Amino acid sequence: MLKIRKFFRYDNIGLVFVLPAFIYMLVFVGYPIISNIILSFQNVTVKNLVAGSKEFVGLKNYQDLFQDTVFVNAIFNTLLFTVSCLVIQFIIGFALAVFFNQNFRLSKAIRGLLMMPWMIPITVTGLIFKFIFGTDVGVLNFALQSMGLIQNNIEWLTTPGTAMLAVIFANIWIGIPFNMILISTGLTTIPQELYESASIDGAGKLQKFIRITVPLLKPTIESVLILGFIYTFKVFDLVYVMTSGGPVNSTHMLSTYSYKLSFEMFKYSMGSAVANVLFLILLGVSMLYLRTTTKEEA
Amino acid sequence: MGDEKIISGKKNFILSGVSVLILMGLLFPLFWIIVTSLKTEQEIFQIPPTLFPKIINLKSYAAQLGTGDFNMFRSFANSMIIALGSMVLAVVLAVPASYGIAKYNFKGRKVMLLGFMVTQMLPVSVLLTPMFIMFRNMHTYNTPIAAILADTTIGIPFSVLILKNYFASIPKELEEAAYIDGCNRFTAFVRVLIPIAKPGVIVCAIFSFLYAWGDLAYGMTFIIDQQKRPITAGIFNFMGQYGTKWSYLTAFAVVTIIPVALIFIFMQKYIISGMTSGAVKG
Chain H
1 MLKIRKFFRY DNIGLVFVLP AFIYMLVFVG YPIISNIILS FQNVTVKNLV
51 AGSKEFVGLK NYQDLFQDTV FVNAIFNTLL FTVSCLVIQF IIGFALAVFF
101 NQNFRLSKAI RGLLMMPWMI PITVTGLIFK FIFGTDVGVL NFALQSMGLI
151 QNNIEWLTTP GTAMLAVIFA NIWIGIPFNM ILISTGLTTI PQELYESASI
201 DGAGKLQKFI RITVPLLKPT IESVLILGFI YTFKVFDLVY VMTSGGPVNS
251 THMLSTYSYK LSFEMFKYSM GSAVANVLFL ILLGVSMLYL RTTTKEEA
Chain U
299 MGDEKIISGK KNFILSGVSV LILMGLLFPL FWIIVTSLKT EQEIFQIPPT
349 LFPKIINLKS YAAQLGTGDF NMFRSFANSM IIALGSMVLA VVLAVPASYG
399 IAKYNFKGRK VMLLGFMVTQ MLPVSVLLTP MFIMFRNMHT YNTPIAAILA
449 DTTIGIPFSV LILKNYFASI PKELEEAAYI DGCNRFTAFV RVLIPIAKPG
499 VIVCAIFSFL YAWGDLAYGM TFIIDQQKRP ITAGIFNFMG QYGTKWSYLT
549 AFAVVTIIPV ALIFIFMQKY IISGMTSGAV KG
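Chains as they are written, first to last, in this note's numbering: chain H, 1 to 298; chain U, 299 to 580.
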């Protein structure tokens, strides 16, 4: 008893505060991660999910996956999706951040309103863009036709190449506010005097941007891109709502394919193996991110 | 860029004009579903499309309120229960945890902090099947409890990482003064520290609510009865069955946005602070 009291004097009392949340996370996140790894080495389908013996099959699921063209394409799709979204939303977000950093009367109010797309449930966003990209009902086809850019309505979501374009477009819409607000915050940390003295030295707007803004924003840019990569790479809801991976598997991401294997085809072990590949990639990128941020944390 | 002085006159006029155009362009999709939800089914399919409904038609809302399999009101209530439940659970667990991490240097602190950081980046795909099995064994499958428990795993790490910064910024003297006044660790935490960190607690509550409100994957995987499903999963089901009934679908979507819009209007400063501090400080 005395030993316990001694243990909880001073700093270790902090454990009392942290443990409830930590144990919660161990039970509902830690344990599932481990059991997902085990699951991927077994042969679990709907027959032996709850009861029955689970056969250990080693790396077979993973070997099968790399023979599976849908899986290989899903890796490619996820990368294409992530990189396209990242580049475009970063450029637009950066431009908007610089624009709204000017102190005109409506700047703060309108920048605030632009956060809206980031906040609404992604299921709703998926629905909105499914509607806008609709073949006959969609306002996009109408707009393109009336501008004379297309002759016949494009079947955006039911043609392989254009379906990918549509989901990328929708995801950029969600990502722009995120990029804009983080870069805006970064911009406010740059001391004003730097620009003033650069002006005295005769620097033009472009020079100030390249020589002052970009180098001083480097830490912000790094975290925006790495976080953006993580959020985009694990995309699920948006693609699942807009295309469910179709048409003919052309928009399957690792997450949606994992879901399809587990909860539509009931090949739980295969789905788990796909999820683990996704997890492994994200873990690598996360480590990169933590290395850059924990330097300041301590 | 970054001019401190307020821009006025002609330049202000031009910049404000441009910014309104940007706003209209970027928020057009939102405007478009609200307008569509007020049109009749024929008007939605009309070419050229109308920018505003000819007559405001509330049928799409009224028809889904009380009856049918896709009862909007019930889905809304289900989501409310799940989101509020998850919010309370996340805040109750995360507030003390973040205080412990910010103020005490116990053994294993770094590992735990790292643990919270890594879980924030986890894809749901990794957790879905194991949780599915777990909830079936716990007999919480197909109940709101399953969704609450799962959604809270998103709220906790986010909240811990945000609030840790709030608690760390509170000077030690305040806590010591409380001890002199006769508080112990726990009463000082409840009576002195939590009230100071209140803005941070609000940010955490809002985000935990929003994460749970917007969740689709957990809600549709762990709850299978349409009557019990949250509103996001309800919309998804509806799309599968009546994919082209856009008047009903858009009305459903608008209703889903309402709580988010209210939070957005009344608590915008908390949202922006949550987004920036959560992401930049990680």
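Because the hints were derived from the structure by calculation, they are not lab data. None of these values were measured; they are calculated from a predicted model. Treat the hints with care, since some could be wrong.
Unchecked claim - These stretches of chain U come out as covered by chain H in the derived footprint (C-beta under 8 Å, 3 or more residues):
1. 340 to 346
2. 396 to 408
3. 446 to 456
Stated by the list, open to error - Which stretches of chain H does chain U cover? Using the computed rule of at least three CB atoms under 8 Å from a CB of chain U, they are:
4. 50 to 64
5. 68 to 75
6. 79 to 88
7. 161 to 167
8. 175 to 182
To be verified - If you anchor each label on the Cβ, the simulated ranges turn out as follows:
9. U/Met378 to H/Gly161: 49 to 59 Å
10. U/Gln344 to H/Thr45: 46 to 56 Å
11. H/Gly52 to U/Met378: 50 to 60 Å
12. U/Lys309 to H/Gln192: 31 to 41 Å
13. U/Ala361 to H/Lys47: 36 to 46 Å
14. U/Val409 to H/Val83: 30 to 40 Å
15. U/Val409 to H/Thr159: 48 to 58 Å
16. H/Leu216 to U/Phe371: 47 to 57 Å
17. H/Ile38 to U/Leu325: 38 to 48 Å
18. H/Gly284 to U/Phe329: 47 to 57 Å
19. U/Leu325 to H/Ala51: 23 to 33 Å
20. H/Val83 to U/Ile500: 35 to 45 Å
21. U/Val409 to H/Gly58: 22 to 32 Å
Backbone N, C-alpha and C define an ideal beta-carbon position, used for all residues, glycine too.
Output the numbers, in ascending order, of every earlier hint that fails for this structure.
-> 4, 5, 6, 7, 9, 11, 12, 18 and 19
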